[in-house]
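Q: Each chain is listed here by its residues.
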Amino acid sequence: MERRRDRVVGLALFALAAAWCVVAYATIPPGFGAAAVGPRDFPIAIGLLLALLSALLFASSFLPDGRAAAGGPEALPLDAELWAVGWTVALVVAYALLMRWFGFVVVTVIVVAVALRLVLNVRSPVLLIAMPLGLGFGIFFVMGRLMEIYLPRGTFIQPF
Amino acid sequence: MDVLAVALAETLTLEVFAAVVFGSLVGLVFGSIPGLTFSMALAFVLPLTFTLPTVPSIAMLMATYIGGMTGGSVSAILVGIPGTPSAAATVLDGYPLARQGKASLALGTAVLSSCFGGLFGLAVMIVSVDLVARVALAFGPAEIFALVVFGLSTICGLSGPSLLRGMIGGLIGLLVMTVGLDQLDGVPRMTFGSVIMMQGVEILVAMIGLFAIPQVIQTFIGHRLGSNIRIEPRGVRMELPSFKLLRDNAANMLRSALLGTGIGAIPGTGGPIAAFLAYDQARRFSRHPESFGKGELAGVVAPETANNAVTGGAMIPLLGLGIPGDPATAIILGGLLIHGVAAGPMLFVERTDVVYGIYLVIVLSYLVVVSIQLFGIRLFVHVLRIPPHILAVAILVMCVVGSFAIRNSFLDVYVMIGIGLAGYLMQRVDIPVTPVLLGLVLGPTLERELRTALILSEGSLDIFYTSPAAMFFFALALFVVALQLLGRLRAKRASRQEA
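Keeping their order, the protein sequence lines are chains A and B.
The letter at position 16 of the first sequence is residue 16 when you use the numbering used here, and the numbering goes up by one with no holes.
In the numbering used here, each number is its position in the second sequence, counted from 1, plus 1000.
I should point out that these hints are in silico values taken from the structure, not numbers from a laboratory.
None of the values given here were measured: they were computed from a predicted structure.
Careful: at least some of the hints might be erroneous.
Short derived list, chain B residues pointing at chain A, Cβ under 10 Å [said to hold, decoys possible]:
id, residue
1, 1165
2, 1222
3, 1414
4, 1439
If you want the footprint, here are the derived chain B segments under chain A, 3+ residues with CB under 8 Å [as the list claims (entries may be wrong)]:
id, stretch
5, 1170-1177
6, 1213-1219
7, 1402-1408
If you want the ones that stay clear, here's a sample from chain A, every Cβ over 10 Å from chain B, calculated [claimed, not checked]:
id, residue
8, 3
9, 15
10, 18
11, 106
12, 123
13, 126
14, 133
15, 137
16, 141
17, 145
18, 154
19, 156
Every residue, glycine too, gets a C-beta built ideally from N, C-alpha and C.
Required output: the full structure, derived from the provided sequences and hints.
A: Here is the structure:
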């Protein structure tokens, strides 16, 4: 199982590194003046090294003692992983998108409430009300007003 | 003596004390929130100093800098997300200690180690500012490049069981930081025509993503499966480090303080390099290196001592030569100039009262910061009583806010989640995250100094092998790598024989 995973990871990283080198060579100019190392040399060098080490990882999976890492992370149910990853990404992306339009406070209250109720299945009414409002207004007051850190005010509506 | 008396009279006032307390609090808060930096704290505080007299304004700036540097350990230990890049190494053992119910011990150790490191750096500055400044000035691009290579060699010790995976992680980190505008030539790299992408990847955003997002994902999984470990309220004990513990770590603290002061004196390097080097050295000199990464107090002592010793070291080129080593000290330099204090060699001749005042303010700042943090530990540890899944939501909010606040850019939020996702995948396929972080932190300096050195030498490698300091650091790096490889080969042979 680990050998197959190493092969997949090695191949994927090799492909990524190769693509990186090709794109870097094609899109970054070689440099100006007498500089021995231009702007594209470092990214290409790192890409080549990554390709080499990825190939080594792939090759090592065929050796008799090819599993370099002992143990490995515990196996998790795939549906639970996909659920958690999906919700995390969705919450963050939605948070950023909506914040641009509706401002920090409103969106924070909504996103936290959704996370608590829909994702974590929290049922306590006190928590469902207090935490979204507390985080939204608390961070707005402390960071936005006291610390004078800019928090988005929204382009569609600007309640605060 | 008269000058010292004048400095004492000017420093030991209620106004200066209030400025120090305010600056320390601001610095601590900014430093402990991932995404907010002590540079931002200094920028926030600087306009407030315009109306203050010289000494209180310098006091406020210094206290903010010191508070910010020590504040990073709070979130590093409590929630596993470093508040500042300098606190990244503290996560490795500080967070496991918190999960074992020893958060207050870890926080207390971090605070006292920070104080020792800072005061040690100050002592070195007082005794040898001229000498250290001259040595630091002799560090050119070749020497700094060699130092960074030595810093990267610590990847070998931080790779876990697989050196190959660790090196792959380090290369991924180096690769990510090349995206954006090239530092020297200003050409866009891997931006695909996007103007927004030209701003590149901000190191703090990458750090937040790497540390926080995998943790949030794992907490959500644990909640769904009902397997999240919650620390029992009685498990959160109020426990401060004993004198015996500090005595047992005396050599570690001294070594880390020397490292931090030396590295801090070199402009352009800083806390993260010092912290990781100190951590690696602590592990190397330990009788139980296998305990590092699992909640070893020495793994908290070393990086916290080193990254605060950097503050004293950074004052050496700042005050002695008028050269700021990073954005934070540049803001301090600006603050000094606004009040008519010109940093440089003549400062020590013409304004000795200001110099002594700065020394006294640094001592006062550390005493105030330590007092605030030791008092605050009782409150901080209550964070651990919050159920992990509830805390995960709050962490997610702070990640988004912190990522956005750095450059007021929504792209940074998307980059944060992207890097976070990649970090989670890397953990799942056994690629350690710490080398990735090292690559992210050291990559820009590595490339910049290499290319600058080669420009100065017109492409010749002479500039490296004619520099004793550079060759010394290269040799050290080779030595570290060789030691690691030998150790792994021996361990492999021993396990084969047992089998």
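Q: Which numbered hints are broken by the structure, listed smallest first?
A: none
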